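*Asks:* Chains as they are written, first to last, in the numbering used here: chain A, 16 to 369; chain B, 16 to 369.
Please keep in mind that the hints were generated in silico from the structure rather than gathered at the bench. Since the model is a prediction, treat every value here as computed from it, not as a measurement.
Derived coverage of chain A by chain B (criterion: at least 3 residues anywhere in the stretch with Cβ under 8 Å from a Cβ of chain B; other residues may be distant):
| no. | region |
| --- | --- |
| 1 | 59-72 |
| 2 | 76-87 |
| 3 | 111-121 |
| 4 | 145-153 |
| 5 | 161-167 |
| 6 | 172-179 |
| 7 | 212-224 |
Just some of the chain A residues that point at chain B, by a computed CB distance under 8 Å:
| no. | residue |
| --- | --- |
| 8 | F37 |
| 9 | V198 |
| 10 | T205 |
Here are the simulated DSSO-like cross-link-like pairs (lysine-lysine), alpha carbons at most 30 Å apart as the crow flies:
| no. | chain 1 | residue 1 | chain 2 | residue 2 |
| --- | --- | --- | --- | --- |
| 11 | B | K27 | A | K170 |
| 12 | B | K227 | A | K106 |
| 13 | A | K27 | B | K170 |
| 14 | B | K170 | A | K39 |
Don't be surprised by glycine CBs; every beta carbon is placed ideally from N, CA and C.
Protein chains: 2
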Amino acid sequence: MDIKFVKRDVLKEKPDQKNLGFGKYMTDYMFVMDWDQGIGWHDARIEPYGPIEINPSCVTLHYAQETFEGLKAYRTKDGRILLFRPEMNAKRMITSNERLCMPGFPEDMFVEAIEELVKVEKDWIPSEPETSLYIRPFVFATEASLGVHQAISYKFMVICCPVGAYYPEGINPVKILVEDELVRAVQGGTGFTKCGGNYAASILGQVRAEAKGCTQVLWLDGVNRKYVEEVGTMNIMFKINGEIYTAPIEGTVLPGVTRDSIIHILKDWGYKVNETHLSVDDLMKAGHDGTLEESFGTGTAAVISPVGEFVYKDDSVVVNDFKIGELTQRLYDYLTGIQWGNEEDKYGWTREVL
Amino acid sequence: MDIKFVKRDVLKEKPDQKNLGFGKYMTDYMFVMDWDQGIGWHDARIEPYGPIEINPSCVTLHYAQETFEGLKAYRTKDGRILLFRPEMNAKRMITSNERLCMPGFPEDMFVEAIEELVKVEKDWIPSEPETSLYIRPFVFATEASLGVHQAISYKFMVICCPVGAYYPEGINPVKILVEDELVRAVQGGTGFTKCGGNYAASILGQVRAEAKGCTQVLWLDGVNRKYVEEVGTMNIMFKINGEIYTAPIEGTVLPGVTRDSIIHILKDWGYKVNETHLSVDDLMKAGHDGTLEESFGTGTAAVISPVGEFVYKDDSVVVNDFKIGELTQRLYDYLTGIQWGNEEDKYGWTREVL
Numbered sequence: 016m017d018i019k020f021v022k023r024d025v026l027k028e029k030p031d032q033k034n035l036g037f038g039k040y041m042t043d044y045m046f047v048m049d050w051d052q053g054i055g056w057h058d059a060r061i062e063p064y065g066p067i068e069i070n071p072s073c074v075t076l077h078y079a080q081e082t083f084e085g086l087k088a089y090r091t092k093d094g095r096i097l098l099f100r101p102e103m104n105a106k107r108m109i110t111s112n113e114r115l116c117m118p119g120f121p122e123d124m125f126v127e128a129i130e131e132l133v134k135v136e137k138d139w140i141p142s143e144p145e146t147s148l149y150i151r152p153f154v155f156a157t158e159a160s161l162g163v164h165q166a167i168s169y170k171f172m173v174i175c176c177p178v179g180a181y182y183p184e185g186i187n188p189v190k191i192l193v194e195d196e197l198v199r200a201v202q203g204g205t206g207f208t209k210c211g212g213n214y215a216a217s218i219l220g221q222v223r224a225e226a227k228g229c230t231q232v233l234w235l236d237g238v239n240r241k242y243v244e245e246v247g248t249m250n251i252m253f254k255i256n257g258e259i260y261t262a263p264i265e266g267t268v269l270p271g272v273t274r275d276s277i278i279h280i281l282k283d284w285g286y287k288v289n290e291t292h293l294s295v296d297d298l299m300k301a302g303h304d305g306t307l308e309e310s311f312g313t314g315t316a317a318v319i320s321p322v323g324e325f326v327y328k329d330d331s332v333v334v335n336d337f338k339i340g341e342l343t344q345r346l347y348d349y350l351t352g353i354q355w356g357n358e359e360d361k362y363g364w365t366r367e368v369l
Numbered sequence: 016m017d018i019k020f021v022k023r024d025v026l027k028e029k030p031d032q033k034n035l036g037f038g039k040y041m042t043d044y045m046f047v048m049d050w051d052q053g054i055g056w057h058d059a060r061i062e063p064y065g066p067i068e069i070n071p072s073c074v075t076l077h078y079a080q081e082t083f084e085g086l087k088a089y090r091t092k093d094g095r096i097l098l099f100r101p102e103m104n105a106k107r108m109i110t111s112n113e114r115l116c117m118p119g120f121p122e123d124m125f126v127e128a129i130e131e132l133v134k135v136e137k138d139w140i141p142s143e144p145e146t147s148l149y150i151r152p153f154v155f156a157t158e159a160s161l162g163v164h165q166a167i168s169y170k171f172m173v174i175c176c177p178v179g180a181y182y183p184e185g186i187n188p189v190k191i192l193v194e195d196e197l198v199r200a201v202q203g204g205t206g207f208t209k210c211g212g213n214y215a216a217s218i219l220g221q222v223r224a225e226a227k228g229c230t231q232v233l234w235l236d237g238v239n240r241k242y243v244e245e246v247g248t249m250n251i252m253f254k255i256n257g258e259i260y261t262a263p264i265e266g267t268v269l270p271g272v273t274r275d276s277i278i279h280i281l282k283d284w285g286y287k288v289n290e291t292h293l294s295v296d297d298l299m300k301a302g303h304d305g306t307l308e309e310s311f312g313t314g315t316a317a318v319i320s321p322v323g324e325f326v327y328k329d330d331s332v333v334v335n336d337f338k339i340g341e342l343t344q345r346l347y348d349y350l351t352g353i354q355w356g357n358e359e360d361k362y363g364w365t366r367e368v369l
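Model the full assembly from the supplied sequences, consistent with the hints where possible.
*Replies:* This is the structure:
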């Protein structure tokens with residue numbers, strides 16, 4: 016791919032690596048590429064990060080024809096730069112775009128765009144423990160037209176920001192509210208995609224959970240309001256009686272890259288992983304009878320997020336005395352070890368940016 | 016409300032009223048107002064229509080925190096300007112914004128913004144038969160921040176464009192595909208709102224319907240995949256054995272302004288209106304045994320859109336010999352008569368812009 020480089024005159028000052036937060040500091044550059052009907056993808060460029068002009072009748076502002084991805088670049092102790100399974104993000108965005116009637120692309124194009132931007136921004140990849148460069152590829156319709164239709168022009172952009180540890184005070188369990196009124200996804204809908212609409216629809220659940228003193232919301236399936244699906248914007252796993260349970264990928268749950276990686280590792284470690292429908296009643300029962308040993312969310316941002324308590328209607332169960340479980344900790348250490356290059360990458364998941 | 020007016024130097028040339036299409040010509044001006052946490056709505060202004068600047072990390076581009084409305088200004092034969100039930104759009108947008116965790120506003124503010132813009136753009140309201148000025152109010156998050164959260168800044172904008180007859184060759188019945196795999200909405204989701212995500216998710220159904228030689232898609236409910244809900248982006252009604260059937264407003268179906276108006280009129284005309292769950296099996300059965308007398312979609316753009324045929328799996332039924340039904344035609348004539356000021360407005364639905 017031929018990528019034009021537009022240099023900026025003055026680079027921004029890099030922020031203090033000990034106070035990066037999440038998404039507070041965007042880097043100097045962004046990758047931009049256009050798609051037009053009859054032409055396809057064209058004009059790949061890396062240019063100074065800055066505002067874009069949008070027509071008020073742009074399809075994205077009205078009908079949300081937009082998808083995104085999220086991944087990270089990690090700096091190893093010896094200064095190398097690693098990406099973690101970027102081809103999985105490429106595949107998923109292709110799937111998302113198909114569902115939203117948006118243009119696809121070769122996986123290579125997606126990965127190359129990211130690699131080239133990361134190369135330009137390599138000085139932005141922090142080296143403090145648990146920090147990384149968060150990378151946000153996104154595609155959105157740019158056509159100005161008010162009819163509801165498949166747009167005829169799009170932009171693919173990649174932006175990035177250095178991020179600190181997701182839990183600056185260390186990884187601590189969170190309290191989760193089981194949402195029994197609002198629904199995140201239903202089969203036949205867009206739950207398996209990373210489209211904007213899924214996230215806008217989820218905010219109210221998060222707001223309600225916080226109002227009840229919880230950190231995140233646990234979503235149940237939209238048909239039976241019974242089976243656990245995701246937690247907040249993460250996949251969720253349970254260790255019950257020594258076995259692992261997580262919702263299957265059947266159209267409602269996001270096929271998480273971290274989810275897939277954790278399942279691989281768990282199977283290699285000899286765990287039985289049940290990708291199956293677990294009812295909230297069985298979950299609460301397991302919590303009460305002591306067989307619910309551990310639970311954790313999985314996602315790119317936090318990697319692993321242990322659950323300390325589930326609140327469902329008037330009932331609640333505490334998991335592992337509200338302490339991070341042994342397996343949860345081991346998974347976190349091992350997977351982040353691979354990501355930051357401290358563990359042997361026996362799965363070939365990391366990809367060095369040279 | 017104090018509205019600042021920013022004049023443009025040169026007005027655009029008005030398009031030929033006989034070839035307006037839909038959304039092809041935006042007018043000279045737009046209404047813009049900002050909302051910030053801790054301040055509320057501020058800086059109302061009418062300014063030249065033109066592109067807006069958006070940060071690449073703007074919440075709307077990633078998480079689709081965005082809602083919209085649609086209504087029309089009509090020019091009467093004696094030159095007056097009428098709006099049709101704009102307070103209904105205001106109420107619905109307030110409901111949409113609540114679901115999406117976006118700021119509300121007083122109904123008056125919404126209506127005043129529209130009236131003031133329409134006054135400025137009064138020369139854009141066409142006078143040819145069946146033409147009108149389409150008005151698009153919309154609200155979207157403007158905050159630049161990549162975390163999934165309730166944004167802290169928004170824009171409320173109103174843009175408009177003159178539109179021609181929705182069916183330039185006269186109102187003709189359309190062929191509809193019953194979609195049995197994709198789902199538009201489920202209870203607990205956002206189906207009752209006009210949020211962008213609903214529309215992005217619906218495009219694939221429309222594309223598939225067209226690939227099968229149909230004009231629109233008929234959506235079934237997301238839980239049972241059985242009960243008819245909406246057609247394309249319209250509400251849908253059926254006349255079976257002399258009675259009217261339409262899906263109830265229970266969280267999945269958009270509470271359409273045209274739907275509500277038609278129900279009022281039908282009841283006044285002595286029809287029994289059943290706001291109930293009609294199964295697609297009962298619909299096809301009524302089509303086959305001849306009791307399905309008429310069917311039509313209702314919405315702001317087309318007002319009334321007669322259905323000539325339903326295709327469901329390997330089955331299909333033709334409605335009223337693929338001709339517009341007598342009641343459908345009468346409803347269309349009467350309601351558009353009120354909207355363009357040719358019928359007495361006994362319901363007090365129109366609002367003159369003075």
